[in-house]
Amino acid sequence: MTMAARSVRWVMRQHWTFIAGLFSGTVVVLLLVAAPVISLHDPIAQDLSMRLQGPGGDHWLGNDQLGRDLWARLLYGGRFSVVVAALTLFLSVTIGTLIGAWCGRIGGAVDEFVMRVVDVLISFPEIIVALFLIAIIGPGFGTLVLALTLVGWTPFARLARGIALDISSRDYIAAAEVLGCTRTFILLRHVIPNALRPISAMTFLRFGHKLITVGALSYLGLGVQPPDSDWGAMLADARQFAVRQPLLVFAPGIAIMVTALSVTLMGQGLEIDADRSRRLRTGQS
Amino acid sequence: MLAWRANLPAGAMERFLLKRAIVLVVTLTLVSFLAFLVPWLGDADPARAIIRSRVADLALDSAAVEALRIRLGLDQPLLHQFFAWLGRVFQGDLGLSFTSRLPVADQILRAIGVSATLALSALFLALAIALPVGTLAAVHQGRRFDGIVTFIAQGFVSIPEYWLAPVLVLLFAVELGWLPSAGWSGFETLILPAAVLCLRPLAYFSQVMRASMIDVLHANYILAARSRGLGLAGALVRHGLRNGIQPVLTVFALWLAGLLGGSVVVEVIFAIPGMGRLIYSAVINNDMPMLQGSIICIVGLAIIINTAADVLYGVLNPTVTVSGDAR
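The listed protein sequences correspond, in order, to chains A and B. Following our numbering, the numbering of the first sequence begins with 2 at its first residue and continues without gaps. Following our numbering, the numbering of the second sequence begins with 9 at its first residue and continues without gaps.
One or more of the hints may lead you astray.
Okay, derived cross-link-like pairs now, SDA-like style, lysine to any residue, Cα gap no bigger than 20 Å in a straight line [said to hold, decoys possible]:
(1) 27(B) with 111(A)
(2) 27(B) with 121(A)
(3) 27(B) with 114(A)
(4) 27(B) with 116(A)
(5) 27(B) with 112(A)
(6) 27(B) with 109(A)
(7) 27(B) with 122(A)
(8) 27(B) with 117(A)
(9) 27(B) with 108(A)
(10) 27(B) with 323(B)
(11) 27(B) with 309(B)
(12) 27(B) with 308(B)
(13) 27(B) with 110(A)
Which chain B residues face chain A? A few, computed with CB under 7 Å, are given here [to be verified]:
(14) 31
(15) 170
(16) 171
(17) 266
(18) 269
(19) 272
(20) 273
(21) 291
(22) 311
Hints were generated in silico from the structure; no laboratory data involved. Ideal Cβ positions, reconstructed from N, Cα and C, are used throughout, including at glycine.
Given these sequences and hints, build the entire structure.
Put into structure tokens, the structure is as follows:
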């Protein structure tokens, strides 16, 4: 069986929420990637004669307060937030899983210390950390990624540690230790693969919140910096013109919601799958 | 102390509480040291920053900077300065704000009160809806009602506040004229921000309540109560709710800690003079004493609330937490 056919069969076995989320999420990603091909206009080209125009002609969604094409801005605007959210999650998952699994395996004072750090950071709002970092090192792409990763790794560490503790009590780990496998080998060969399903579910479930937080900082003028723009910044610009051209407010808002919801649905599907496979493995009904 | 109730080894509860207290003090000291370092982490020299915030003139008088540096003790060793500063913090002196020239501590105290009112209103609103909805979803587990509740919860989590807030203002303040669009002057100004802020915790609370009530429904004491002739509703209200609600209360504490500073966007949009807006304007104005003060308050409160929730949970469920901890 080819790789493609196998992936299709894997997808079809998943819960319907995963398939629905995968479909709309793929559409969003394709739109963002193909932005230069799909949009007929430059997202920053101003045309004051077209100010606040409604949909029509070759401006599919109309124009904003400076006469810029809304559809083009929507497509290009998604790129910043989605890339920041995805990159942050990738870093958080990698760091969190490694730290958590490692702490769960070694235990002791290091484990105790790291988990206390996690306790403190986990309840800490990401937006506040981002604001403090912006005050110290200034706004920008790097600041956002750093700020969101700084607290973002903690839930993954807690989850990975729990799984590592659970697995450590199994006979096959004792067997591997008796056979002389190193700690790193056991971690990479047994602990991490077992943690993959729940970790990936959590990754998808966290995406929406990251996306909204990035948008919030841009809305406050502390995220994306001009001339670049994103959905949050577009919402901030559109506020005064909401009554005259409601689409300026609705379009970016709906874009954020659809993107966040698709990824969340995928996460929920994966979580159901992770639960099912855990029950199968542990033999619970 | 309470150990006899759970057949814990002698002194286990005391050790648990002592450990939490030590961790509390250590983390608070670390956090205040970090807060103290904030002005040094940026590129700006604190003495220069202070003078620049007072004088618009870009060419700084280096003699004035030097004089201020000596007056503020900035020429002393860093650790020496830290302890002097920490001493002042313990007396409630967080310095003067660069921009308003008023004591930071007073402003923070007022803002915390406002944020706490807002956060508690939103969270209690969320709790009032989430408890019955989560319980019903658990009773109907796997059926249509359950699916709809889960889907709506995910929808709520995906709505950005900075979109919902302007839309609600447009609808209820501009179009219908029922509620004020912004400000902080009584119950009416609380309704819209609390409604916007409650959606996300509502989604989480209802899902936690659902999961916890599913466990409760399968518990033996519910079976026992029902076999004594109690209806499902009666058994749940009299025996189930008390156990089912505990995980929700833990999440409640986490959210409270998070919302005390984390409702930045809602506070800015509705012009509410809370912690979130205070921190936001401190960032915009580079107001270092205000930032230091807010870090200490926000992080300190988060740590204290978390520790309190943890200890409370340990006292309520000694066998789970305390004996697991003493391992």
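Right, here's what the structure says about each hint:
Taken as a hint, the residue 27(B) and residue 111(A) pair is honoured in the structure, with Cα atoms around 15 Å apart against an allowance of 20 Å. With a C-alpha separation of about 15 Å, the suggested pair residue 27(B) and residue 121(A) falls inside the 20 Å cut-off, and the hint holds. Between residue 27(B) and residue 114(A), the direct Cα distance comes to roughly 12 Å. Compliance with the 20 Å bound is thereby established for this hinted pair. For the proposed pair residue 27(B) and residue 116(A), the alpha carbon gap of about 14 Å is at most 20 Å, so the pair holds.
Taking the CA atoms of residue 27(B) and residue 112(A), the gap is near 15 Å; set against the 20 Å cutoff, the hint holds. Distance hint between residue 27(B) and residue 109(A) is fulfilled; the C-alpha atoms sit about 15 Å from each other, no more than 20 Å. Proposed proximity of residue 27(B) and residue 122(A) is supported: the alpha carbons are some 19 Å apart, at most 20 Å. A threshold of 20 Å between alpha carbons decides the hint, and for residue 27(B) with residue 117(A) the separation of about 11 Å falls inside it, so the pair holds.
This hinted pair checks out: residue 27(B) and residue 108(A) have alpha carbons roughly 17 Å apart, not beyond 20 Å. With a C-alpha separation of about 14 Å, the suggested pairing of residue 27(B) with residue 323(B) holds against the 20 Å cut-off. Distance hint between residue 27(B) and residue 309(B) is fulfilled; the C-alpha atoms sit about 19 Å from each other, no more than 20 Å. About 18 Å separates the Cα atoms of residue 27(B) and residue 308(B), which keeps this hinted pair within 20 Å; it holds.
This hinted pair checks out: residue 27(B) and residue 110(A) have alpha carbons roughly 13 Å apart, not beyond 20 Å. Annotation: interface hint on residue 31(B) holds; nearest CB of chain A at approximately 5 Å, less than 7 Å. About 4 Å separates the beta-carbon of residue 170(B) from the nearest beta-carbon of chain A, less than 7 Å, and the hint is met. For residue 171(B), the suggested interface contact is upheld, since its CB lies about 3 Å from the closest CB of chain A, less than 7 Å.
Hint on residue 266(B) holds. Least Cβ distance to chain A is approximately 5 Å, under the 7 Å limit. Here the hint on residue 269(B) is kept, as its CB sits about 5 Å from the closest CB of chain A, short of 7 Å. Because the smallest distance between the Cβ of residue 272(B) and any Cβ of chain A comes to about 5 Å, under 7 Å, the interface hint for this residue holds. Taken as an interface hint, residue 273(B) checks out: its beta carbon lies about 5 Å from the nearest beta carbon of chain A, inside 7 Å.
Satisfaction of the interface hint for residue 291(B) is found here, the shortest Cβ-Cβ separation to chain A being roughly 4 Å, below the 7 Å cut-off. Evaluation of the residue 311(B) hint against chain A yields a held restraint, the C-beta minimum of about 6 Å falling below 7 Å.
Of the numbered hints stated above, none is contradicted by the structure.
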